[in-house]
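Asker: The primary structure of each chain is shown beneath.
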Amino acid sequence: MFGSVAADLVRELKNSKWLLPFNESSLRTIAIETRSIMEMITSTVSQFREKLDQPEVLATVMVFHRSVQRNKRCVLAYLYKRLERMRRMRWEYSSINFAELSNNLSMHERDYLSKYNRLLGEYCESVGLDLTAELQPPKDLYIEVRVLKDCGSILTDSGTVNLKSGTAHFLPRVDVEHLVRQGALEHVI
Amino acid sequence: MGMEENGTQEADVLPEDWAQEDDISTEISQEIRKLKRAMLNEKFSPEILPFETSLVHELKEVIEVQDALIDEEELARSSGPSRNSLGLHLRKIEIGRVKYLLRAYLRSRLLKIEHRAKRTLHDELYRSRLSTDEFKYAENFVKLMEAHFQSSFLDQLPEKLRSVDDRDGDVDMSPGPALNRFVFCHVKKNVGTTAISDDPTDQALYLGAGDVYCLRYKPVRDLVESGSIDLL
Chain W
1 MFGSVAADLV RELKNSKWLL PFNESSLRTI AIETRSIMEM ITSTVSQFRE
51 KLDQPEVLAT VMVFHRSVQR NKRCVLAYLY KRLERMRRMR WEYSSINFAE
101 LSNNLSMHER DYLSKYNRLL GEYCESVGLD LTAELQPPKD LYIEVRVLKD
151 CGSILTDSGT VNLKSGTAHF LPRVDVEHLV RQGALEHVI
Chain E
1001 MGMEENGTQE ADVLPEDWAQ EDDISTEISQ EIRKLKRAML NEKFSPEILP
1051 FETSLVHELK EVIEVQDALI DEEELARSSG PSRNSLGLHL RKIEIGRVKY
1101 LLRAYLRSRL LKIEHRAKRT LHDELYRSRL STDEFKYAEN FVKLMEAHFQ
1151 SSFLDQLPEK LRSVDDRDGD VDMSPGPALN RFVFCHVKKN VGTTAISDDP
1201 TDQALYLGAG DVYCLRYKPV RDLVESGSID LL
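Protein chains in written order, with this note's numbering: chain W, 1 to 189; chain E, 1001 to 1232.
Hints listed in this document are in silico derivations from the structure and should not be mistaken for laboratory results.
Small disclaimer: the values here were computed from a predicted structure and weren't measured.
Mixed in with the good hints, there may be bad ones.
Listed next, with one range per pair, are the computed distances between beta-carbon atoms [to be verified]:
hint: 1; chain 1: E; residue 1: D1198; chain 2: W; residue 2: L119; range: 36 to 44 Å
hint: 2; chain 1: W; residue 1: R88; chain 2: E; residue 2: G1176; range: 20 to 28 Å
hint: 3; chain 1: E; residue 1: E1124; chain 2: W; residue 2: S43; range: 17 to 25 Å
hint: 4; chain 1: W; residue 1: E186; chain 2: E; residue 2: E1124; range: 23 to 31 Å
hint: 5; chain 1: W; residue 1: R35; chain 2: E; residue 2: D1198; range: 40 to 48 Å
No residue lacks a Cβ here, since even glycine has one placed at the ideal position from N, Cα and C.
Construct the entire structure; sequences and hints are all you get.
Answerer: Following this line, the structure appears as structure tokens:
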């Protein structure tokens, strides 16, 4: 049936909150289906050239046309929603934690993401503030953190600090915030 | 955390030469309060509001000056005896808060632009509400998204079908903001009796100063823009 692959594609997206692997094969199937429907439209029109105002011919063409539009719309919704999820993750996990995720992205999506990062970076630069930092309102300059994963040493205003797994530190928030967001440190409240 | 509270705290701990700058600092704290309002309104309104160009510009300057002062003082402290470190600490916290407000303001706008990028660009009113940087961002954002649609899927279709349509039959593909959403609002000035729905048979509501209501956004959108009511 026309459009069933496209409907499945949207359903797949709806049933998961995470980014599933990019469904390249469904997209290809839909593209082939859409092209063949287009050919059917052309052949119907040329076959019934004299009877184009007949309701049955009109209805046939209409059904074909709607199927094409529907396929297109489902795929674009799929692509759009994925971009939206990618961006949300980009904001939540800062730019680094994508190694795991990037296996699930298509080549074009990876390309989009890197261009998006550049665009966002340019905007932040032109307003002079890093918008992705400090998603929560700051309470104090220093926070207490517990190290969950070894991070090596970091440089703060008062010297270098070795972040070894299992140790706890009292450090300037600005220096360790990105590590907390990546999950390498835990903020002790 | 009220700004006045911090103001009095600062007066106690800071050296005397700071007290003389009272006029300037009240002016600044008023601006900070304005920014806080702008940030909250932006956060809760379904549509994008006019960009606070002068406010953002002025506060950015204040931040720059304060940052430079703090740096200078830190440098002086690292060579000389430690003096008044609590005052410095408080000022750093305060500057951090202002920066957070500014970031939160710009961020909530940017996310709104991303969410409805195409609509925002095509709508005369919304376009005029963007700052130059935001406009550039929105333009490139839409370009990037459409390029992605093309390369991921549309290139595989016959040429006739490759455009990204704004409409599919009767359905608008880039819908505008949900203006009929309910918002909480706090009335700042007496507004008087206002119609609160499109339906003329519905009762109008008296909006007096200090009242808090939960209303649809659309009938009060002009009041938000004129500053008579705040969103909560």
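Asker: Next step is simple, just say for each hint if it's right about the structure.
Answerer: Quick rundown of the hints versus the structure:
Taken as a hint, the range 36 to 44 Å holds for the pair D1198 (chain E) and L119 (chain W), whose Cβ atoms sit roughly 39 Å apart. Judged by the Cβ atoms, the range 20 to 28 Å given for R88 (chain W) and G1176 (chain E) holds: they are separated by roughly 22 Å. The beta-carbon spacing between E1124 (chain E) and S43 (chain W), approximately 44 Å, falls outside the hinted interval of 17 to 25 Å. Separation of E186 (chain W) from E1124 (chain E) is about 49 Å and departs from the stated range, judged on CB atoms against 23 to 31 Å.
For the hinted restraint 40 to 48 Å between R35 (chain W) and D1198 (chain E), the CB-CB distance of approximately 46 Å keeps it satisfied.
Checked against the numbered hints above, the structure breaks hints 3, 4 and satisfies the rest.
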